[in-house]
Structure formats: structure tokens, C-alpha cells
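Q: When you get a sec, could you build the whole thing from the sequences and use the hints?
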Amino acid sequence: MSDIHLTIDGRDVTIPAGSTILDGAKALEIPIPTLCHMEGHTPFTSCFLCVVEVEGVKNPVPSCSTAAAEGMVVHTLSDRIRQTRKLCLELLASEHTGDCYGHCHVTCPAGIEIPQFVSAIARGESEEALRILKRRMPLPSSLGRVCTRPCEAVCRRGQRDEAVAICSLKVVAGDPDLDGERRTVPECAPDTGKKVAVIGAGPAGISAAFYLRQMGHEVTVIDGQETVGGMLRWGIPAFRLPSHIIEREFRQVEQMGARLEFGRWLGRDFTLGDLRAQGYDAVFLGLGAQAASSARIPGEDTPGVMPGIEILAKASRGQEVDLGDTVMVVGGGNTAMDCCRTALRLQKGKGKVILLYRRTRAEMPALEVEIEEAIHEGTEMRFLAAPIRIEPSRDGKGLAVTCQRMELGPPDSSGRRRPVPMEGSEYVEEVTTLVNAIGQRFDAAALKGSEEVGLDRWGNIASDPYTGQTSVPWVFSGGDCSPGDKDMIAVWAVQAGHRAALAIGQFLGGEEIIGDGYEWYSTIGRPGDPAPKAILDRLTPAERARMPVIADAERLSGFVEVELGLGQERGRVEAKRCIVCGCLAVEDCKLKSYGTEYRIQPGRLAGAIRDYLLDDSHPKLLLESGKCLLCGSCVRACAAHGKDVLGFVGRGFNTVVMPSLGRRLIDTACDGCLDCAKVCPTGAIMVKPGATTSS
Amino acid sequence: MAPGTTASGDTIRVVVGLGSCGIAAGAQDVKEAFERLLGERQLPVTLGVTGCIGACHREPIVEVYEPAGRHVTYAAVTPERAAKIVEEHLAGGHPIEEWTFQGEPLKAEVDAYFGKQTRVALRNCGVIDPESIDDYLGREGYKALGQVLADNSPEKVIETLIASGLRGRGGGGFPTGTKWKFTRAAPGPKKYIICNADEGDPGAFMDRSVLEGDPHAVLEGMAIGAFAVGADEAYIYCRAEYPLAIKRLRIAISQAEERNLLGPGIAGTSFSFKVKIKEGAGAFVCGEETALIFSIEGRRGMPRKRPPFPAQEGLWGKPTNINNVETFANVPWILRNGGGAFAAMGTEKSKGSKVFALAGKIKRGGLVEVPMGITLREILEEVGGGSDTGKPLKAVQMGGPSGGCIPARLFDTRVDYDEVTRTGAIMGSGGMVVMDSSSCMVDIARFFLDFTQKESCGKCTFCRVGTLRMLEILERITQGKGKMEDLALLEELAVKIKETSLCGLGQTAPNPVLTTLKYFRDEYEAHVVHGRCPAKVCKPLLTFSIDPAACTGCTLCARVCPVKCISGEKKQTHVIDQTRCTKCSSCLEVCKDNAVVVK
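Which chain is which? The protein sequence lines are U and G, in order.
Sequential numbering from 783 applies to the first sequence in our numbering.
Sequential numbering from 2 applies to the second sequence in our numbering.
FYI, nobody ran anything at the bench for these hints, they're computed from the structure.
Be a bit skeptical, because a hint or two may be false.
What the hints assert, rightly or not - Derived CB-CB ranges, DEER-like: (1) K248/G x R1386/U: 36 to 46 angstroms; (2) K519/G x E852/U: 33 to 43 angstroms; (3) D861/U x K537/G: 37 to 47 angstroms; (4) L859/U x K482/G: 47 to 57 angstroms; (5) G147/G x D794/U: 55 to 65 angstroms; (6) R1239/U x K482/G: 29 to 39 angstroms.
Unchecked claim - Below are the DSS-like pairs computed for lysine-lysine, each with C-alpha atoms no more than 27 angstroms apart in a straight line: (7) K275/G x K868/U; (8) K519/G x K482/G; (9) K364/G x K868/U; (10) K519/G x K840/U; (11) K840/U x K499/G; (12) K455/G x K1315/U.
Just so you know, even glycine gets a beta-carbon here, dropped at the ideal spot from N, CA and C.
A: Laid out in C-alpha cells, this is it:
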């Protein structure tokens, strides 16, 4: 047979007669995505991802099975083709019943590969666990103690017994590294010659420095305080997060070659212009939220009224603060709980601490465990009331706080029921100190002399939500000073620092600035949604490890850390409770990589999804038919192997690939050649870890 | 022996229509009643059966042929009526005219129904006994085959077919003669003929009627086709839901084999032809030729990419010619009467006649065969008698679930492959579902898509997932949860599904949605924007209330309400509690004072 000449994307190619358009594209090294095509097999033509346009043909044609013809003119990259492929992938993604990653992983603001680090602990490899953790989050010992744990809220195990103690396991992985003997710091790339200033040695800044150094950039961290830690140090009491942990963990960037400078404040001692003049190529602003929010009530400036962060900072520095015998803390967040517990300690257990919150316990944003600890240590909780006026008490020694009772109205924008004042319900409470723990905000004084940096509508530094880039191209920001619409917690700050580091790297390298980049991944439902029963049925009930704590008697006498940590052995047992949600094939899943490449948005096609079916019977293979694309590759591979174990069962949307007659894989003639798993474009058929071809 | 003639020339012959439609209407009981009555009375009357004559709305139908040549057709016969017919007509010699097609009041209706029809494919249906080869032979049966074998020129057969302009009646509309030519030209000694009798469109029963009423015509057409393309073996792929058709086919095959009209060395020539029946298991997609072939081969019924076409690589990899039942049924007539006679009917590109199954909101539902080129209006209003509800006709769905809704304002469209396609519908295999103003077009689109979505084989991504997503959107709209963006998404999905599906199912499944969006967009918008179903079909969008001015307080509605949400004292105005009303319509149905208002 003679050769055929055709043109693909404007390039001529000559291929043997009988070839397909896909063969022609291959000869030209023009990539055409396909999910159902297998080299050496008759084209199946089911996925329709490989469509191309042929001039003179009305509709797109599948290139895998369309014979190339003499003089054919083919286009593989037109808008129409791109849109068709995108819709194809969106349809496949919209029916896909599979978790690329654990829901904990996708919920973690920093994107920690949680099931992977937990598995490493379960195997007894805490160093490997630390390495995995630090790919996304360099401060496991610190954050492991204070994170609000969004990951644990969505842990699948929580739907059967209790969530895995993910956060405490970070400490299990991180603490051995701080004890002196071991020190795991990542390698840094050779110097790039670029200089970056990081303003703020809190979690955002140190995270940025950590990743910037790995890229080989010269990093100087400048902080106005006397040492590292930022709000984790000055806003969180040492009995929750001891200073020495912060000190050692944050200073790992020094070991990586970053320079740390203290006692210099942006806006007071220098400006961005000064940094430019000193030759810095880029700046990361991790300035934090230094100013206490005002309650906007009369008498707030009366002596005896103190912002919560001021007390916490003083306590952190070991300074004595005289609060008198009756302290009222106003607020319902974790800072308010910290203030209560700090006040109890400052009073050496001899005073009274009252917490006043305008809603009820159910609406408190503080973590349940923190509320419990505060009550356990002696805090009196008073709900549905708020201060409306503060005056000096008649004896002049304290404060007369006029409070008003509240009732709950309809939910507000945060979804919590709005407190509504009750007319004529005012009463007076006599206290020695009133602590306002109703929040902090960014203090724009830091931008004095650097006003070119734009602010957002909340008065914070405006930055791109994906890159952290501010209105000044060489200046990036993140964390509490630039929260955007996020409810900023420390782990978000770490993510912001990491993302900005990537963006700064791109900026310095002259690349497109995309930050972390786009990644499409699949989840079964939204994190926290009820899990398929088959997943929960795999769980053997096991009790969550209880955190050992110091004796009650020791608590209020000082600022010793209350939690003793799970320790390696208990941690390992706890880690084994994790069922490692996520897909074994995530690294080489074609649906995921094409979905990412085509930036699919399957949400617009949300509807019924494939049934979650699990066949775990085979020693080497794992079948999760919910992830099947019906490409038939495994069916053909199995037939080619002479077995015909797998086939299509059912019709239409409910079609699944499985052994016939409802058998499990173990009950078939399967000889474990694993060809099916090798050709599966997704994780519908997976080789179990450790399994090999030899039977 | 064909009815209309008699064995001895002096007995009356009674013929009961025993198509599935007749049987469903009670014809079996009628036949037994005649057997019993005739036996009891010892009358010199022979009793026979036939297939469907097409007037399904008047079944059971009984024909009476008298030796003197008088022929009357009784409609809607019951065992009781049979007794009276035996008494007054068969014994007494006086037909009961008001029950017959030939007498008033039915005559005008029957004239209108049959007046515009031209029966080619249906020429013997309702006339002959389908289980009697002699009846068929008496109507020129197998003469075309004999003539073809005598001429011994396959090329001439193909030329005649091409000259006739016959196009595939299964829906594809591909010129039959050309298809035969391709199969004949394909290399290889072994070729197959397949008769596609996997009629799957809801509301379509053309092929069933032909198979039940005139199976030999199909066999003869297949034999001629086999001779023309050089095949010696054939399969009839018939859905198992057609047991009567299969039974009559089996009888016909064995009768034809006995007479050497099928089997080895037909009529003393060297031409051999074996026909087998393959019963389909009910998958709609197996009506698609490549899926059908896989199914015969014992594989999963899933289409594959064409080319290669079955004419090149078909059953067991051999060249295969596939035509549908109606196409084959036309073939003997064309060979007997010449391609020109067939081509004389119809339009420039659509020749001959076409069988349609009329169903839905139509006065005279049934099977009609009309010349191509007739307008939809003539079929619906003259043959079909218009709406059976008194409400004006709104649209007709042509081509089954793969077809489209043609609105009333386009009823002057002629039955012609190209003209119908221009409306967005397709000629299809002949289903016509008629809708009046009480039909909600969004709901109709949802109904047809629900069918195709469930029948998708699941192979092609766009068809498998896309049709479900479209269905989900339509369900949302009919539940009052639609958004305007949904209409754009429906169109995006519809266009892509049509463009990127291997077979006709996916390529046409969006048609009902696209045509209703095109012609009845206002109804979609009424649902989405105003939360209103203009046809008052979509329950979640309706409110039932009681008009105080009309309510007499009879308490009937309150008593039938299954959720007890209607309150009111006797002789006082009643009120429906909207929060609990399930919109079941019970109150509406029982109210004698038209006081229940639906908005």
C-alpha cells in the first residue's frame, strides 16, 4: 500500500496507508489526549477526548479511529476542539466517584499530604513523615499544638468513631527534630543571586523564607520584635505552645542560610523604598495583625481595660501583670480562651475569671477542647450578654461594666444566629480588669512611607488570592495582614507564605506568576459529606488516642505546657487508625492530569455520580469501579491475556466494568498478570502496594 | 387461499383481525365466540384470521366476505356483538350496518382514514391470513422472487431498486439500491443479509404490524436482497417483546422452506438462502446496525465506529447488508410493479410511500401508509381526524425519541426526508406522537430524553453522561428549580452530544430538547423565569385553590383529599392548605362546580 500525505496543524506528514489521524499526530509529536486508546489494540473509541477537526467534515472526529486520507487537513488545537475536550473531561469528572486525595488533605489550607505523613508514622518512619509534612508546612511542632484542625473535622473516621488525631501526630513527627540530636532541614538550591526581604518572623514569613531558601534565593527576615514566632509567640500562651519549641522550629531557616534581623519595624525604622535601595529584588510582607480590635463602647480607654493580646504578649515575655481578683474576658474565640487561662495563671489560681460571650456556647468560634480546658481550669462562662459601657467603679479600684442581655435572632452572614439586645435588660458587673479579646486587625502604620501598597476594602493589604502579589509587583504579602476573605488561622498563614514564595520565585525567574498553579482533583462529595458506606465498612473501630496532660495541681502555678504529647509509641498506634483515603493512582491518573491541563470546572455539571463499588478481594488488585471511565482498556487487555475476567456489566450510566455474574475478582480465573491495572487510565483498577506481577 | 375468494364459492368467510392490537382489544375472545357460535349453529361459514389493517382505534375488527361478493367490516366487535352478528348477518343475511365501516356513522370516518392512504408495504396486512402461505401466494406472493431468479441478473435487481428511489425505512434513509450495490461489490464469497426488526421507538409499531400481518413479504424481500448482493444466509433480529411476530415468522419460514421458496436450491436454481431468527433482549441501541451485529455475534450490544460499514465488514467480519422490515416489505412490490411505479409516488428525493404509527392525542390512532409528499396536516387532520380531546393540536413528535417536535405552524411540512430534517426532526422509522395544548413541551422533552438516557449503552462519554446531565436539568426545570443558565447548558450539551457520539442514539438523543427549545422556548422560560407551567402539567409549579364564588360547600373535595388539607364546613367555602397540598388533582377531578382552580 502506498503512503498517505496529510497536514496536521499546518505541518505535513507522510504515513503508511491504513494509519489513523492519531498515528499521524504521533509521527509529528503533536500530543493528542486520549483515555481509551491502547497502542497495538483495535481502536475502541469511547472517550471522545481525542477529537480533532478535519477540514470539510462537519463534526469533530475521533482521531484514534479515523483513517488518515490523502490530502486531509487536520486541526488539533482549535477553540472548538479545546472546548469539546474540556466538556468531555468535565462530564467524566462529574460522574467520577473517587477521592484523588484524602478529604483531610484537600481541606488542609496548607495542603499537607496528611494520609501520607500519617502512614509514615504508622510505619515508624517519623523522619519521612517530617519530610512529607515540610513539603507543604515547615512548622509541624508549632502548628501541631495550636492548629484549629479543619482536617480532623472532615476525617472519614469521624463518621464511624472518632477522627484520627492528625494534629497531634504532627507533633509526633516534629518534636524529635527539636530535641537536639536530629535536625531535618531540606537542601537548598545553589544561589540564584536574587535577594528577598521577608518582613515578619511569624508563620507566614518563616514559611516564605523556608521555601524561598530552598529555591536558592538570598533571604533576610526582618522582625520588629526581639525574636521569632510572631503571633504564635506573642498571642498564644506558652502553656499551649512553649517558647522553646517556637524558637527551635522557626530558626530552622537560619540553618538553611536565611539571615534573621530583629528590632526593626517596617514603617517606623525603614520603608519598602529603603529595601529597594538596598538591592532587594522582592519583598514578602508577613506583618501580622498587631492592633487589637475595638469594641466601640464608651469607656474603653478606662484604666483597667486591656486588649487580650497585650496580656498574652506580656505573659509570653514572663512579665508580671496585676489583673486584680476579678477578670472579665470578652469574646468567644480561641484568643479569649487563652486570655482566660492566662489570667487564671497570672492570678496564680487565686482570682476569678469570667468569660462574657454575646451568643451561646454552641456559637463560640473557639475549639471545643479549648473551651473545655478553660472551664476545667476555673473560668466562669456567661453567655448571651455583652458590655455596653465601662466606667470606673465607685471605689475607684476597679471597673463597673454595664452589660446587656442578648437573645438569638436569625442567622447572620456567618451562618451563626445573630445576638439581639434585649431592651431594659442592663445590669452592672464589678470587675478589676476587663480583657477585650474580640479580635485583632492589621495595623496600617507599617505602611507609613510605603503607601504605594494598596489596601482592600477591609483595610488590609490587597493581594492576589493565588499569588499574594500586591499592587506593587515586586511586593507580595500573606497571612494576617492580608487575609482577603479568609478566616485567617496560622495554617493559612503558612500556606500564604509558601504560595507567595512560589510566586516570588516565578517573578524572579521572569515566569508567569501563578503561585501554586491550578490543579483539578476529584473528591467524593464535599469534604465532610457522608462517606460511601463501603468506605466506612472497611473501618475496624478503634479508640482515638487520649492526649496526656499534666496534673491539675500543676496547671495554674505557671506556664508549663499542659499537653504532654502522644509520644512515638502512642503516636504510631494512633497513626494506624488512618485508612489512608485517596487514590493510589493519583500520580499517573490521566483524568486528573488532563483535567488540570484543560482547567475543567465539572461543578457546573454536578449531578448523579457513579456508585462507589469496592472489590478488595484480590491479593494484588483493588477495584474501585466508581472511578472507571468505561474506556474498556482493561477488558481488552484481559482478553488479550486470554482470560476475559473483566467485562461491561449493566447499561448506560450504570455500566460498570467487573467480573460477570456479580463475582468478586478472587473468584475468577484472574492469574494476577496486572495488565488491567497497567492500562487503566485512572485508579479504577489499582495494584495493591507491594504486589508484583509474578504469581 | 386469499380471503375475498372462497374455497367453494358458496360459503361465507369470517376473518378476525389478530394483530397484537386486535388481541389487546379482545379479538381472541371474539374469535372464540365466533368458533363456539358457528359450531353451535352449524352454519356453513369458514373462520379465518388476519393481521392488523391499521385502524387500531376500531379493534377488534372482523371482516365478513360473502359468496356474492359483499364485504363488510365490523368494528369494535365484542363476544356479545359477535352473537348478534351471527344471528342477524351470518344466519339472517342482514348486516348490522351501524357497526360496520361500510355503514353510517363509521363510513365517513373510514373513508377519510383510508382515502388518503396508499398501501404498498401494508398491501396484505389485514387482508391475508399471515399464517397461510397460500393466502400470500394468492396475492402474487413470491412471484417477484420467481421472476428475479428466472432473470438471473442481480445487477438488474439493484438497478430496479435504485430506479425506485427506495430509501431505508428504519430511519437512516440511505438509498437501498445503493446499499445493495456496495454489499454486492464487497469482496468475499460469504455475505449476509440482516433484517432489522428491533423496532424500539416508544409508540412505533410499523414493523410489528408488517411481521404479524405479512411475514412472507419480508422473507421474499430478504431473499431478493440476498440474491442481489450475493448472500446465502440471513438473520432476522427481532425484539423478543414481539412474540406473535416471531411466531408468525417461524411459521412463514417453515412454510416457505416446505415450498422450496427458502432453503437450498430455491425453485430449482442454484440460489440457496437460509433465514434464522435472533431474538433481541430489549436494548434499544441494538437497533443500531453495528451494535445489532455485535449482539448477533453474542457480544455486548455496543456500537463501533463506522467506517468500516457493515457492507464492507459486518457479521462475523463478512460483508453484510442490513435493511429494516418495512424496507424489505416494499421490495417484492417494486420488483413486480417496476421501479418507476414506486418512484411515481412522492417527492423528488423521497419516493414511494411510508408507514406511520399515529399515537397520542389523535382521534384515529393506528397504522397508516401514505404517499411521500403528503403534508403532516393531511395525515394528522384528515387521516387521523385531528385532536381527540377537542383541544387544538400543538405539535407532533416525529422519529420517536430520536426525532423532534414539529410545531403546529409547520404542519404544512411535507413528508420528505429533507423537509422533515430541516425542521429539526427526522423521518425516523415512522412514529408520530401527537400533542395538543394540554402537553407541556418541557415535560415532553424530558420524557423522550428519559427514554434515550436509559437506553444509552454507556460507551461514548458524551452520550452516557451528557444525556443524564441534560435529563437532570430538565427535571430541575419541570420542578421549578431551573435557571436561565440551564438553557444555555442544555444547548451546549445537546450540540456536543450530537457531534461526538458513535451511533444514531447519541447523535439524535438531544433532538427533542433542541426542537422544543427552538419552537417552544417561551414554555421553558415560563418554567424558569416565572415558575409557571403553561400547560399545567408540571405539578410542583401548580397551585390548586378553590374559587369562593363557585364553591357550594359540598365537602366532596375535602373527603377525597388524601392528605386532608382541605377544610371547610358544609355549605361553606372550602379552603386548600397550600403548605400541605400534594397537587394530586383529586379535588379537581371530583368538584362538580368547577370551583377548583389550577394556576
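Q: Next step is simple, just say for each hint if it's right about the structure.
A: Hints, one by one, checked against the model:
1. For the pair K248/G and R1386/U, the beta carbons lie near 51 angstroms from each other, so the given range of 36 to 46 angstroms is not met.
2. Restraint check, K519/G to E852/U: a C-beta distance of roughly 39 angstroms satisfies the suggested window 33 to 43 angstroms.
3. For the hinted restraint 37 to 47 angstroms between D861/U and K537/G, the CB-CB distance of approximately 43 angstroms keeps it satisfied.
4. The given range of 47 to 57 angstroms is broken by L859/U and K482/G, whose C-beta atoms sit roughly 38 angstroms from each other.
5. For G147/G and D794/U, the Cβ-Cβ distance of about 58 angstroms falls inside the hinted range of 55 to 65 angstroms, so the restraint holds.
6. Separated by about 33 angstroms at the C-beta atoms, R1239/U and K482/G satisfy the suggested range of 29 to 39 angstroms.
7. For the proposed pair K275/G and K868/U, the alpha carbon gap of about 50 angstroms is over 27 angstroms, so the pair is violated.
8. For the hint pairing K519/G with K482/G, the CA-to-CA distance comes to about 21 angstroms; that is within 27 angstroms, so the pair holds.
9. Of the pairs offered as hints, the one joining K364/G and K868/U is violated, with about 48 angstroms between alpha carbons and a cut-off of 27 angstroms exceeded.
10. Restraint check: the Cα-Cα separation between K519/G and K840/U comes to about 21 angstroms, which is no more than 27 angstroms; the hinted pair holds.
11. Proposed proximity of K840/U and K499/G is supported: the alpha carbons are some 11 angstroms apart, at most 27 angstroms.
12. Straight-line distance between C-alpha atoms of K455/G and K1315/U comes to about 26 angstroms, which keeps the hinted pair within the 27 angstroms bound.
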